[in-house]
Amino acid sequence: MESIDVLMLCPMISYLEQELQSRYNVLKLWTAQEKSQFIKDHSATIRAIVGDGGHGADAEMIEALPRLEILSSNSVGVDKIDLEKCREKGIRVTYTPDVLTDEVADLAIGLILAVLRRLCESDRYVRSGKWKKGDFKLTTKFTGKTVGIIGLGRIGMAIAKRAEAFNCPICYYSRTEKPDTKYKYYPSVLELASNCQILVVACSLTAETRHIVNREVMNALGPKGVLINIGRGPHVDEPELVSALVEGRLGGAGLDVYEHEPEVPEELFGLENVVLLPHVGTATVETRKAMADLVVGNLEAHFSNKPLLTPLV
Amino acid sequence: MASDQATTPPPPPPPEIQSHDLPKVIVLHPPPVFNYFKDLFSKKFHLLKAWESPLPRHEFLTNHAHSVQAMLCSGTGPPISADILRLLPSLRLVVTTSAGLNHIDLTECRNRGISIANAGEVFSEDVADLAVGLLIDVFRKISASDRYVRHGLWATKGDYPLGSKLGGKRIGIVGLGSIGFQVAKRLEAFGCNISYNSRKRKDFVSYPFYTNVCELAANSDVLIICCGLTEQTRHMINREVLLALGKEGVIVNIGRGAIIHEKELVQCLVQGEIGGAGLDVFENEPDVPKELFELDNVVLAPHMAVFTTESFKDLCDLMIGNLEAFFSKKPLLSLVMNE
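Sequences listed follow chains W and F, in order.
Counting from 1462, one number per residue, gives the positions in the first sequence under the working numbering.
Counting from 96, one number per residue, gives the positions in the second sequence under the working numbering.
Check each hint, because a few of them may be wrong.
Among chain F residues calculated to face chain W with C-beta under 8 Å, some are [said to hold, decoys possible]:
| no. | residue |
| --- | --- |
| 1 | Y131 |
| 2 | D134 |
| 3 | L225 |
| 4 | G286 |
| 5 | P381 |
| 6 | V383 |
| 7 | P384 |
In silico PhoX-like links for lysine-lysine, alpha-carbon gap of 25 Å or less [stated by the list, open to error]:
| no. | chain 1 | residue 1 | chain 2 | residue 2 |
| --- | --- | --- | --- | --- |
| 8 | F | K280 | W | K1643 |
| 9 | F | K133 | F | K342 |
| 10 | F | K133 | W | K1593 |
| 11 | F | K342 | W | K1594 |
| 12 | F | K144 | W | K1602 |
| 13 | F | K252 | W | K1489 |
| 14 | F | K385 | W | K1594 |
| 15 | F | K424 | F | K133 |
| 16 | W | K1645 | W | K1622 |
| 17 | W | K1598 | F | K133 |
| 18 | F | K342 | W | K1750 |
| 19 | F | K252 | W | K1750 |
| 20 | W | K1591 | F | K358 |
| 21 | W | K1594 | W | K1546 |
| 22 | W | K1622 | W | K1639 |
| 23 | W | K1622 | F | K280 |
| 24 | F | K264 | W | K1750 |
| 25 | F | K408 | W | K1598 |
| 26 | F | K408 | W | K1594 |
| 27 | W | K1685 | F | K424 |
| 28 | F | K133 | W | K1594 |
| 29 | W | K1593 | F | K358 |
| 30 | W | K1602 | F | K358 |
| 31 | W | K1593 | F | K385 |
| 32 | F | K144 | W | K1598 |
| 33 | F | K138 | F | K425 |
| 34 | W | K1550 | W | K1767 |
| 35 | F | K280 | W | K1645 |
| 36 | F | K424 | F | K139 |
| 37 | W | K1622 | F | K264 |
Think of the hints as simulated: they come from the structure by calculation, not from any bench.
Since this is a predicted model, take the numbers as computed values, not measurements.
Using N, Cα and C, we set each Cβ at its ideal position, and we do this for glycine too.
This is chain W alone, in the form it adopts within the complex:
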């Protein structure tokens, strides 16, 4: 069988690289001296792209690959892919929903507990020997606090289900009200923020949701409020977030994503009411393997003319 050229946009777990290499001719874009030249050199043969949440294909790259048939993204977030262009050109796009839903939801709750109960700070307190000098301070109870979720999709619902086990009242904002849920709907993020104590960003990143958490929203959430971002960095106006935290207008934040990863605003490093994670929402051995299997499975289905497993376009 002819070897199919697959363009890999960035390094991924070795399991995925090996699975791809055993089936296709993998072209590793990040090893190229000059990326656009590399793409030009292989433009006649590249039939598939494998990207991830941080690396997708814009219009320029899509135009440069006339034989591109499918983009299989190792992520559920597809904000880095020009979906319209793909639709226009009949290019299939697959992603990895469902297999990572629980993982991300678990992390959201972990971040809430870490911020409210100061887990990281108290771990530092013990390791630095401060406990020998006195008891830790009082922190804030999680059980029973109102949780507001922006985006009640798969991940948002999974977060709600977990928070309910902590007796938390749940409210949400979504583009449209969901008829089948018992949770309270607010027609704007501002109203949601005014009526909850913990605000979780769980929607997808689009032109409409960029900076959906802005200065006004953070002020409404307030000095006792906590913001949790497991969506995308650009959901939150980052400079405004930093000043809200530093000035005490916002009570705390648990962040897994940032506007310019892996850069994290250094003003946050000195704050105890913040937990900073390096985009680990799906970062477990089990989930990354399940995601990889979907990436490969979708490519295999496409190249053997079978129905795609998890198509988006």
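We have chain W; now place chain F onto it with these hints.
Leaving out everything else, chain F in the frame of chain W:
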């Protein structure tokens, strides 16, 4: 978020209410709630504060506490031993700010007919929340990767090593009391499978019950210690149990440090015989084995599972409520029944 403002001293009580009119309560050592709510107690009770006296304790008690009927104590401070109890011939009630009773000579109290009131279920939720928080932290490396980011390593060294999935894991709860049950309820929502070991099987749950903790460990990915410290549970979690839990196993302790054989736990962690630990309690607090400081698969907390403003306020109300009930001859709010 809790602020760290210094509290201003309270004004002196108005002349018509003298503290010697108030019922007396002996306190050997200030419980942690006193750091925040002492005034609420001193408004209602005449506190005999043994720790503030220059007299040695036994002299203070002999001279000043002969007629005292009620004591307020906590898990910190001197154990309420038979020796101490014998210096309090009029004592009828011990109120402790803890759920745990391991610091009180229960036999002596029973023999003397001294009632005990504890924290009841007032902070079970906060303790359960912490247990779950510690567990997620260990599995998903939250504290370790927060350290990584704060040291600027994400930009220079790349992604942090992968964690482990919590969903589908088998959780073994040691002690399915009020706290253990709250832990189980929460972890079910994460898709975990719950089993337990307890002194007695509990009829109100359908979780699998194991009669011995070693068998529970052998069939679990996680052990969460939620039981009290007694002679039976001291060092119950030893090397044998930890090896049964296995190399991928994680242990969380929000009970008492001495339930786990600490030296053996440290050895197992250092040698990779178990996968990780989340610990809020230790055998000799505030001393923590320094070998644990080298480990990224361990999350350490300074016995703060009940340290929330909400729990402290609720605890304060409960302690005062118990004392008021006692002095007005009403039923205690959180009387400890012999089991």
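Consistency of the hints with the structure:
no.	hint	verdict
1	Y131	holds (7 Å)
2	D134	violated (16 Å)
3	L225	holds (6 Å)
4	G286	holds (6 Å)
5	P381	holds (4 Å)
6	V383	holds (6 Å)
7	P384	violated (11 Å)
8	K280/F to K1643/W	holds (20 Å)
9	K133/F to K342/F	violated (47 Å)
10	K133/F to K1593/W	holds (23 Å)
11	K342/F to K1594/W	violated (35 Å)
12	K144/F to K1602/W	violated (30 Å)
13	K252/F to K1489/W	holds (20 Å)
14	K385/F to K1594/W	holds (16 Å)
15	K424/F to K133/F	holds (24 Å)
16	K1645/W to K1622/W	holds (14 Å)
17	K1598/W to K133/F	holds (16 Å)
18	K342/F to K1750/W	holds (21 Å)
19	K252/F to K1750/W	holds (22 Å)
20	K1591/W to K358/F	holds (22 Å)
21	K1594/W to K1546/W	violated (62 Å)
22	K1622/W to K1639/W	holds (15 Å)
23	K1622/W to K280/F	holds (12 Å)
24	K264/F to K1750/W	holds (17 Å)
25	K408/F to K1598/W	holds (14 Å)
26	K408/F to K1594/W	holds (24 Å)
27	K1685/W to K424/F	violated (41 Å)
28	K133/F to K1594/W	holds (21 Å)
29	K1593/W to K358/F	holds (20 Å)
30	K1602/W to K358/F	violated (32 Å)
31	K1593/W to K385/F	holds (13 Å)
32	K144/F to K1598/W	holds (23 Å)
33	K138/F to K425/F	holds (20 Å)
34	K1550/W to K1767/W	holds (20 Å)
35	K280/F to K1645/W	holds (23 Å)
36	K424/F to K139/F	holds (16 Å)
37	K1622/W to K264/F	holds (18 Å)
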